[in-house]
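Line order of the protein sequences matches chains W and H.
Position one of the first sequence corresponds to residue 1 (the UniProt record's numbering), numbered consecutively onward.
Position one of the second sequence corresponds to residue 1 (the UniProt record's numbering), numbered consecutively onward.
If you are wondering where the hints come from, they were derived from the structure by calculation, not from laboratory data.
Idealized CB from N, CA, C, for every residue including glycine.
Take the hints with a grain of salt, since some may be wrong.
As the list claims (entries may be wrong) - If the Cβ cut is set under 7 angstroms, some of the chain W residues that face chain H in the computed set are: (1) 79; (2) 93; (3) 98; (4) 126.
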Amino acid sequence: MHSFGYRANALLTFSLTALAFICAIASFSDNFSNQNPSAEIQIVNINRFKKQSYGNDEVSLTLDITADLQSLFTWNTKQVFAFVAAEYETPKNSLNQVSLWDAIIPDKEHAKFRVQTSNKYRFIDQGHNLRGKEFNLTLHWHVMPKTGKMFADKIVMPGYSLPDAYK
Amino acid sequence: MGLVGETVDSIKSIKIRQLLTQAVTLGMIVTSALIIWKALMCVTGTESPVVVVLSGSMEPGFKRGDILFLTMTKDPIRTGEIVVFNVDGRDIPIVHRAIKVHERENTGHVDVLTKGDNNDVDDIGLYADGQFWLHRHHIMGRAVGFLPYVGWVTIIMSEKPIIKYILIGALGLLVITSKD
Numbered sequence: 001m002h003s004f005g006y007r008a009n010a011l012l013t014f015s016l017t018a019l020a021f022i023c024a025i026a027s028f029s030d031n032f033s034n035q036n037p038s039a040e041i042q043i044v045n046i047n048r049f050k051k052q053s054y055g056n057d058e059v060s061l062t063l064d065i066t067a068d069l070q071s072l073f074t075w076n077t078k079q080v081f082a083f084v085a086a087e088y089e090t091p092k093n094s095l096n097q098v099s100l101w102d103a104i105i106p107d108k109e110h111a112k113f114r115v116q117t118s119n120k121y122r123f124i125d126q127g128h129n130l131r132g133k134e135f136n137l138t139l140h141w142h143v144m145p146k147t148g149k150m151f152a153d154k155i156v157m158p159g160y161s162l163p164d165a166y167k
Numbered sequence: 001m002g003l004v005g006e007t008v009d010s011i012k013s014i015k016i017r018q019l020l021t022q023a024v025t026l027g028m029i030v031t032s033a034l035i036i037w038k039a040l041m042c043v044t045g046t047e048s049p050v051v052v053v054l055s056g057s058m059e060p061g062f063k064r065g066d067i068l069f070l071t072m073t074k075d076p077i078r079t080g081e082i083v084v085f086n087v088d089g090r091d092i093p094i095v096h097r098a099i100k101v102h103e104r105e106n107t108g109h110v111d112v113l114t115k116g117d118n119n120d121v122d123d124i125g126l127y128a129d130g131q132f133w134l135h136r137h138h139i140m141g142r143a144v145g146f147l148p149y150v151g152w153v154t155i156i157m158s159e160k161p162i163i164k165y166i167l168i169g170a171l172g173l174l175v176i177t178s179k180d
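Just need the whole structure built from these sequences, with the hints factored in.
In structure tokens, the structure reads:
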């Protein structure tokens, strides 16, 4: 009952259980944080708007993104993954979401930023429905913790639209 | 002669009974582990409720050796979700983020494009030849939680099988030599 093997086993089990418990509590404490992120996006310029050889529309635009995501960081946060997506509807598809830009925010100091960038990923439609299309720009964030439950949310900014003719 | 024979018999019977008890105990442990695993599969709705991250394509968020907890609900797939999918013909599941979603009117059929956070290009190169989108039946689950470092045990055991045998041998030895 007091051999080395038994003691090692008991120690290991207890330490693993205690660790698991601490991880669970750390994750649970994330529920109590008060979060109020804010963001604003402006389309600076539509650089290119044409129909590809396959028949799909493609847009290239420059965005000006201002955001304050500092309130999302808790002591249990490892990083926040933020991305901007365009959401719109077409006759064939009830929902299209295309991610245009993303960034990894490693800590609170970097969470308040303003960046002007052209879209990192190609904005291509399934079809050629984009002329004059109205769309929402959404800023999503995905909080990745040091341990435990991840959570994600978004801000939807409606009211953007594409020009009526190819450029 | 009869007394010796009786003693020998009683010793043998004790040993057999003890052996059987130990075998049953071992069987109970293995079976309850299996029950817990299957119950987890039911609760989370996916065939593999826990996966180990094997590559560095989602760093710095998920490093090699972390474990991810997955669920699968009937909710539609949206961008930003970290999905686990199997490509036809490959047996290792891949954990990446959905960056493009096109959902059809009425049928709910969805085309999804994924990309690892740490990769420069999207996953089209990983899909099967001629495949440009993932569909719902490729996706096994969504990641909802994670624990760091715990997955190294699995990685070590699969990359150096010797360690697996040593562990099982040691466990077996412990069970056999224990007095209860």
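A quick look at each hint next to the structure:
1. 79: 6 angstroms, holds
2. 93: 5 angstroms, holds
3. 98: 5 angstroms, holds
4. 126: Result: holds, 5 angstroms to nearest chain H Cβ.
Going down the numbered hints, you'll see the structure goes against none, and every one checks out.
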